[in-house]
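Please build the complete structure, drawing on both the sequences and the hints.
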Amino acid sequence: MKSAVIVFPGSNCDRDMAVAIEKVTGVKPTMVWHQEYDFDPVDFIALPGGFSYGDYLRCGAMSARSHIMGEVAKRAKAGVPTLGVCNGFQVLAEAGLLPGALMRNAGLKFVCRDVSLKVVNADTRFTSGYDGGQEITVPVAHHDGNYFADSDTISALEDGGQVAFRYTEDINGSCNGIAGVTNKAGNILGMMPHPERMVDPALGGFDGIHDGRALFESVLAGIG
Amino acid sequence: MLEQEITPEIVKEHGLSAQEYQRILGALGRAPNMTELGIYSVMWSEHCSYKSSKIHLKKLPTERPWVICGPGENAGIIDIEDGQALIFKMESHNHPSYIEPYQGAATGVGGILRDVFTMGARPIANMNALRFGAPEHAKTRHLLAGVVEGVGGYGNCVGVPTVGGETNFDESYNGNILVNAMNVGLADANKIFYSAAAGVGNPVVYVGSKTGRDGIHGATMASAEFTEDSEEKRPTVQVGDPFTEKLLIEACLELMDTDAIIAIQDMGAAGLTSSSVEMASKGGVGFLLDLDKVPQREENMLPYEMCLSESQERMLMVLKPGHEAEAEAIFRKWELDFAVIGEITDSGHLELQFGGEIVGDMPINSLVDDAPEYDRPHVPTPKRQAVEVAAPDDINQAILDLIGGPHLCSRRWIWEQYDHMVMADTIQRPGGDAAVVRIHGTEKAIAISTDVTPRYCYADPFEGGKQAVAETWRNVTAVGALPLAITNCLNFGNPERPEIMGQLVGCLQGISEACEALDYPVISGNVSLYNETNGTAILPTPAIGGVGLMKDSSKMATVPFKRDGDVIILLGETKGELGVSLYQKQILGLDEGCPPSIDLTTERRNGDFVRALIENGQVDTCHDLSDGGLIAALADMAISGKMGAVITVGDLIPLHAVLFGEDQARYLLAVDASLAETVINEAMDAGIPVAKLGTVGGDKITVNDGVVNIALDDLTKAHEGWMPNYMTAE
Amino acid sequence: MKARIHVTLKNGVLDPQGKAIELALGNLGFDGVNSARQGKYFELDLAETNREKALSVVEDMCKKLIANTVIENYSVELE
Amino acid sequence: MKARIHVTLKNGVLDPQGKAIELALGNLGFDGVNSARQGKYFELDLAETNREKALSVVEDMCKKLIANTVIENYSVELE
Ligand SMILES: Nc1ncnc2c1ncn2[C@@H]1O[C@H](COP(=O)(O)OP(=O)(O)O)[C@@H](O)[C@H]1O
Ligand SMILES: [Mg+2]
Chain A
3 MKSAVIVFPG SNCDRDMAVA IEKVTGVKPT MVWHQEYDFD PVDFIALPGG
53 FSYGDYLRCG AMSARSHIMG EVAKRAKAGV PTLGVCNGFQ VLAEAGLLPG
103 ALMRNAGLKF VCRDVSLKVV NADTRFTSGY DGGQEITVPV AHHDGNYFAD
153 SDTISALEDG GQVAFRYTED INGSCNGIAG VTNKAGNILG MMPHPERMVD
203 PALGGFDGIH DGRALFESVL AGIG
Chain B
195 MLEQEITPEI VKEHGLSAQE YQRILGALGR APNMTELGIY SVMWSEHCSY
245 KSSKIHLKKL PTERPWVICG PGENAGIIDI EDGQALIFKM ESHNHPSYIE
295 PYQGAATGVG GILRDVFTMG ARPIANMNAL RFGAPEHAKT RHLLAGVVEG
345 VGGYGNCVGV PTVGGETNFD ESYNGNILVN AMNVGLADAN KIFYSAAAGV
395 GNPVVYVGSK TGRDGIHGAT MASAEFTEDS EEKRPTVQVG DPFTEKLLIE
445 ACLELMDTDA IIAIQDMGAA GLTSSSVEMA SKGGVGFLLD LDKVPQREEN
495 MLPYEMCLSE SQERMLMVLK PGHEAEAEAI FRKWELDFAV IGEITDSGHL
545 ELQFGGEIVG DMPINSLVDD APEYDRPHVP TPKRQAVEVA APDDINQAIL
595 DLIGGPHLCS RRWIWEQYDH MVMADTIQRP GGDAAVVRIH GTEKAIAIST
645 DVTPRYCYAD PFEGGKQAVA ETWRNVTAVG ALPLAITNCL NFGNPERPEI
695 MGQLVGCLQG ISEACEALDY PVISGNVSLY NETNGTAILP TPAIGGVGLM
745 KDSSKMATVP FKRDGDVIIL LGETKGELGV SLYQKQILGL DEGCPPSIDL
795 TTERRNGDFV RALIENGQVD TCHDLSDGGL IAALADMAIS GKMGAVITVG
845 DLIPLHAVLF GEDQARYLLA VDASLAETVI NEAMDAGIPV AKLGTVGGDK
895 ITVNDGVVNI ALDDLTKAHE GWMPNYMTAE
Chain C
132 MKARIHVTLK NGVLDPQGKA IELALGNLGF DGVNSARQGK YFELDLAETN
182 REKALSVVED MCKKLIANTV IENYSVELE
Chain D
132 MKARIHVTLK NGVLDPQGKA IELALGNLGF DGVNSARQGK YFELDLAETN
182 REKALSVVED MCKKLIANTV IENYSVELE
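Each protein sequence line maps, in turn, to chains A, B, C and D. Residues in the first sequence are numbered from 3 upward in steps of one, following the numbering used here. Residues in the second sequence are numbered from 195 upward in steps of one, following the numbering used here. Residues in the third sequence are numbered from 132 upward in steps of one, following the numbering used here. Residues in the fourth sequence are numbered from 132 upward in steps of one, following the numbering used here.
Simulated from the structure, these hints should not be mistaken for laboratory data. One or more of the hints may lead you astray.
Unchecked claim - DSSO-like mimics (lysine-lysine), calculated; alpha carbons at most 30 Å apart, straight line: (1) K194/C x K184/C; (2) K141/C x K171/C; (3) K150/C x K133/D; (4) K756/B x K120/A; (5) K476/B x K248/B; (6) K171/C x K911/B; (7) K184/C x K194/D; (8) K150/C x K194/D; (9) K404/B x K527/B; (10) K171/C x K194/D.
Structure follows, in structure tokens:
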């Protein structure tokens, strides 16, 4: 499976994402600098977490408008599985590839800790390796993870199976406790928690398999 | 301004004494202009010249075979084999953090990162050692909130995990909080960059952010005592730009992969001035700088301002001739400023050009080697008498108060605001004895801990200095790592007072002795003096940052209890030392007697024994004993493991002394029942006092059949609750 | 020409920062604050001297970058 | 009574956010932005009806909480 990790100025979980992808798929992803928008075709695109452009103005706002996101949007709309974690989720939302917006945490503080997530829809390209309703442990590390969308959008997401993960407790004030959503087609996932930080038993989690690892395995299985 | 006459008032405003001014006249053979005076004042400030501490710092042990570079460079370096090196240092940002806690703390983190990556390392771990005033003090809550947000705001954005630290409260810090930031970086041992400039004619290059009028006179501020009106000196605070710092890290590391750099140095306190003077001095050369070429953020900047500005996120480099274009392309790619601002000369002088004229010309050696050095008078702290320390009225309540009080409560509220996992190698997160960070792509890991017990240092600087070093050594050992070296940040009051100088000298003697005995050299450090407000000094606070190496991180030990039925074993001798203990301070409200004594031979023997148990795979649950003694360690292990304990202690010593005594060189282990006898026998064979206290299990902590009997739930609530409750109370 | 831009949260979007300020003001003893809302404020210094053109360019900047129109409104004034 | 508060960085204080916006606008093809500065904007709804009193109270709020007077200036307008 060929993967690309998009790197923006100031990206800081790009290496973490690449290490996780390689660990699970066995293939090193291509690190794509934001100016290399004609990157080779890949089976999977990942927008890493952390920060980008310092997250000045709004998280993900500058990256979302960068040239390469036009290319990412084109490929994502053509069906390439595209994952945005944390800052990557913010970028996808700011770019309009996913509905809603990520606002300042209700508690106003940066929060870094393990959280428990419920897999709401285990029937997506990113979650097929989980059981529906399964609880997994994945860390969050964000200041702006408070997911907001108007109530019609939220209902549509819930009814359309677009809610992939939900927090089991209130972490940041997100509407309906939403931790991760997909687009209608189900090939774009944005999530605030960091699955790439839970693919290695030494880093914690239940056993390093049922937590973050299964997400990447799901993508891999879908590619075949 | 250039023409301005130098009056005694101006000299005084620059923090220079009349004698020091005479010295400048002698060095120049004429009167300085304002720019030159400004430059002498920062170069000769306490902060840059270490004039009060230098002669004492020279006595610290700094050498061992694994030390690649000791004090004197931007940071110290040790060898961790396999061609890898660790680069680390700790630094204070106390005064700015008191004035503007968010930006003060943030720029403190930024500064220490630059000290480390300027030498060729990728920063891999941040630590922060914080001291605040009494919780009841009106400013404490606001300062704590701002500092923590600032540390996180910078570190999180740059993407370097903040993996640990320490947090103390004491009324002596009411008007002088301490914010000490430490960073550890990883480099290839054969790719280290130093600051000595070389090669007459070689270009001097400025990279990073533009220069503004930030923090002019920050270095002299950091060297002056606080008075009521120094809160007015506000515009000297700088704003940090972690995004630019992140770009600067990547750009510098990319350039370091080429063969272009001769010397590199970050612009820290006193910015352009101190960095160029230090580079020239180390290389024995001169610098000619054209100030018109300095990238400027503001209009009409004067030479004085450009030389003294403390704008952040800037570096100075000397490149090999012909490599300018290659270097410039890299910095442009990262959207950073890049400018050739001068060249190396053989004049031995710092020459400054502005508007086509020479506006400053000073012999480099007069700025560095001729800086004043003082052997300030010092009187030793009088020895105290040992005292009896009373038992509490209610021992259960005393335990709850301590575990759920400001000094021993969980620091979770702090570290959850720090991204402590980014870079995906934090294998022991905050909350344990030492943070453990894996060396990326290997099974090796490093352990880091910062420690000092200021109340011990106040009561007995020598023993306190020893204890600070021993405690980091013990914390690093308790996770199973071999302690290799330390950095330090020496925070003291006004060195012009002999009793304060006595504290500094005493602590340094203690530190030296401990480093020597533990083969734990000092490789870098920082001194912060004049931490006084209206004549009241902080407790002497020599913060020590210790680093150790673990070859096989899968064997790492951690604090939480793991298995029902594990045997709880106490290693090390318990005499019940309660002088200057946390129990005495918090429960009895007293500060009397002598701090616990440290026997370094015992310390080493006990620690080496514990480390071997961990390395052999016999022990995976270990906690050292420090503040709060045995009961505090037991509570930590139970709370974090969500398992109770039943223990019995003898009655030769009063119960409160056994539980709260802070005797040193002790560790609490929880050992698989099948291995317990072996471990105990091995300890006895090694001549180490050892006691089997009881077993892990249940939902309570019980001592001596119920004399102490506390539900784990209550203890956990108290422990986790104090800080969030305090921070949300008005 | 100078442009002043205000970006505020849309009605119905929860404003945690505003809420926190309300609370904190109350804690400081400032009674009588019915509500507080926090927004952003920008000052741009533009080379453009034609008002019409400047306005349309700045509106465009707001839509494309400065505001997130999913949750925010913006308003532009020229000086 | 409504109060509008603007909080801006003091002259000479680095504004990383403004700088980044400047750059981003340039990258989006918006030329001719000489400089961008970012500040904060607050709207308070006050129970107070007396202008004088309201003004003095809001000034006090700014000093004590809303602005960080070490690095920021503030200005208050009443409606
Ligand atoms: N400011 C801080 N930032 C991050 N972690 C902290 C901070 N203060 C304390 N900690 C963490 O809390 C734990 C307990 O600290 P401390 O009581 O000082 O440990 P010890 O007694 O073992 O030296 C440690 O893991 C330490 O790293
Ligand atoms: Mg410890």
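The hints, checked one at a time:
{"no.": "1", "hint": "K194/C x K184/C", "in the structure": "holds, 16 Å"}
{"no.": "2", "hint": "K141/C x K171/C", "in the structure": "holds, 13 Å"}
{"no.": "3", "hint": "K150/C x K133/D", "in the structure": "holds, 16 Å"}
{"no.": "4", "hint": "K756/B x K120/A", "in the structure": "holds, 26 Å"}
{"no.": "5", "hint": "K476/B x K248/B", "in the structure": "holds, 17 Å"}
{"no.": "6", "hint": "K171/C x K911/B", "in the structure": "violated, 39 Å"}
{"no.": "7", "hint": "K184/C x K194/D", "in the structure": "violated, 39 Å"}
{"no.": "8", "hint": "K150/C x K194/D", "in the structure": "holds, 19 Å"}
{"no.": "9", "hint": "K404/B x K527/B", "in the structure": "holds, 16 Å"}
{"no.": "10", "hint": "K171/C x K194/D", "in the structure": "holds, 19 Å"}
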